[in-house]
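Trainee: Chain residues, written in single-letter form:
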Amino acid sequence: MSDVVRLEYRNVTMRFVASAKGLTAVQGVNFCVRDGEVVSLIGPSGCGKSTLLNIGSGLYTPSAGEAFVDGERVEGPNAHVAFMLQKDLLLPWRTVLENVMFGVEIQRLALPERKRRAQALLENLNLAEFAGHYPHQLSGGMRQRVALARTLAVDPSVLLLDEPFSAVDAQTRMVLQRELAQTLKRAGKTALLITHDLLEAVTLSDRVLVMSRRPGRIIDEIRVELPQRDDPIARRQAPRVHEYVARLMDRLDISHVGQDAVGASA
Amino acid sequence: MNGNSSLMRRGTAVSVALLVVVLAAWQWGPGLLGIPVFIIPPLSAVFDEFLRMLAVSGLMTHTGITAVEVIAGFLLGSLLGAFFGYVLGMSPTAELALSPYILALQIAPKVAFAPLFILWMGFTLYPKILVAILIVFFPVMVNVLTAIRTVDPDLVNLARAFTATRAQIFWKIEFPASLPPLFAGLRIASTLAVVGVVVGELVGGNLGLGYLLAFGEGQANTAMVFVAILMLTVVGGIAYLAVILVEQRVLHYLPRRALSGV
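Line by line, the protein sequences give chains A and B. Residue numbers for the first sequence follow my numbering, beginning at 64 and rising by one. Residue numbers for the second sequence follow my numbering, beginning at 2 and rising by one.
Quick caveat, the hints were computed from the structure, so don't treat them as lab data. Here a beta-carbon is modelled for each residue, glycine too, at the ideal position from N, C-alpha and C. A hint or two may mislead.
Said to hold, decoys possible - Covered stretches of chain B, as calculated for chain A (at least 3 residues, CB under 8 angstroms):
no., segment
1, 163 to 176
2, 185 to 197
As the list claims (entries may be wrong) - Quick list of in silico lysine-lysine cross-link-like pairs, DSS-like style, CA-CA up to 30 angstroms:
no., chain 1, residue 1, chain 2, residue 2
3, A, Lys248, A, Lys178
4, A, Lys178, A, Lys150
5, B, Lys173, A, Lys150
6, B, Lys173, A, Lys178
7, A, Lys248, A, Lys150
Please work from the sequences and hints to get the whole structure.
Mentor: Written out as structure tokens, the structure reads:
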């Protein structure tokens, strides 16, 4: 991990003028993610986490402030970032291999290089034998792994992950978390992870940022001082994990407020 | 898999048995119930008439003409429908501006235009093809339009985040996503094309199976009417089958079940 800043939000505010009340999703958000760092963003439902992610990927333009990726101001979609959502968004008419090549194909990489990258990633994620399968032939966990491979194939500086594992069952999720952690470590990738799962936030990240209710602001930053960031399953056993989770619960006011304040449903 | 194929076999057996029963009822039912031949001619009489028409009425020529009109109307109508579906699907302004007119045209019974087209173009093949085009146009256009409208916005955002151009979004996401509904529209269109052509032929001219229908009616030749109806069904069936065959080729990536719903 170096001190190079890969992703930075400077005073970012987002108002949606479409709604009558002029809803403010996030207000005055400042933070940065350094090279090789994995940072989680947690907060109540509707606090603007996904909005921040869309700003980072260039799909939204903030009402005020700016986002930087690799020191460049984000003016629109760019090849430095890639995102992955809860939905796998695989194209049903493409095979696994073709789905993994989707991003690099759009970025007009030469076909042999596209293929080489996709095959290497499938190899790494234990999907090589499914290269010729269609998405409907895969389980939910495998589909999500294909989506991860597609995200990594464009070789982004920053990965933006929006609850990537919240739609898979608990055991598959643990396996996927470990694969993600190992892949990020091996490739030295920088990632911003949105999650509702406090344990996931603690076991996968170097830092956890806590957001307030809408309009979302960063209200706390917790540095996770645990070893083995590439092995979330081992981290789960660490006794201190529960201290961190307890602190996050406290910051999110989970014990005091009704459940509508927290994304308990997701 | 196993249960599926045994179900298939049972279904086919019942289907064939039903056909035999219907054909037998057609052959002997009318006689037993005392229904006169000019109301329902028995199967054998219809078959005799079929052979007679083959020999002296140019049945094959008339069938061929109808088939050509159906194919032309289906292809042109589908192309136009798909084209407008894509254009309107991608341009909300165009859709807003044109939707009242399209709705009005869609509500108007298309076959009612047949006399008008014959007035314009005479007793040629063109008015029949035009009726078919008009009737085929709407189901194809509406299906493509809704398909483009309902493409998952997250998919489009994914492509955009990968820096896709508008053309790439169309060719890599919207167009392939629209193919299953497009083919559903083409299936409907293939049977409607026959309807359009027959109405055109009934209204005017001396060519095609629709003409044979009207001629048989004029002669009170019920068997001839039956033969024409059967041949029209064959033409429509072949058109429908052709669409299904192409569909299975193009949509090969879909799970088998999704395609089999005939």
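Trainee: All the hints need checking, so say for each whether the structure fits it.
Mentor: To see whether the hints hold, each was checked on the structure:
{"no.": "1", "hint": "163 to 176", "in the structure": "holds (count 6)"}
{"no.": "2", "hint": "185 to 197", "in the structure": "violated (count 0)"}
{"no.": "3", "hint": "Lys248(A) - Lys178(A)", "in the structure": "23 angstroms, holds"}
{"no.": "4", "hint": "Lys178(A) - Lys150(A)", "in the structure": "24 angstroms, holds"}
{"no.": "5", "hint": "Lys173(B) - Lys150(A)", "in the structure": "18 angstroms, holds"}
{"no.": "6", "hint": "Lys173(B) - Lys178(A)", "in the structure": "18 angstroms, holds"}
{"no.": "7", "hint": "Lys248(A) - Lys150(A)", "in the structure": "24 angstroms, holds"}
Checked against the numbered hints above, the structure violates only hint 2.
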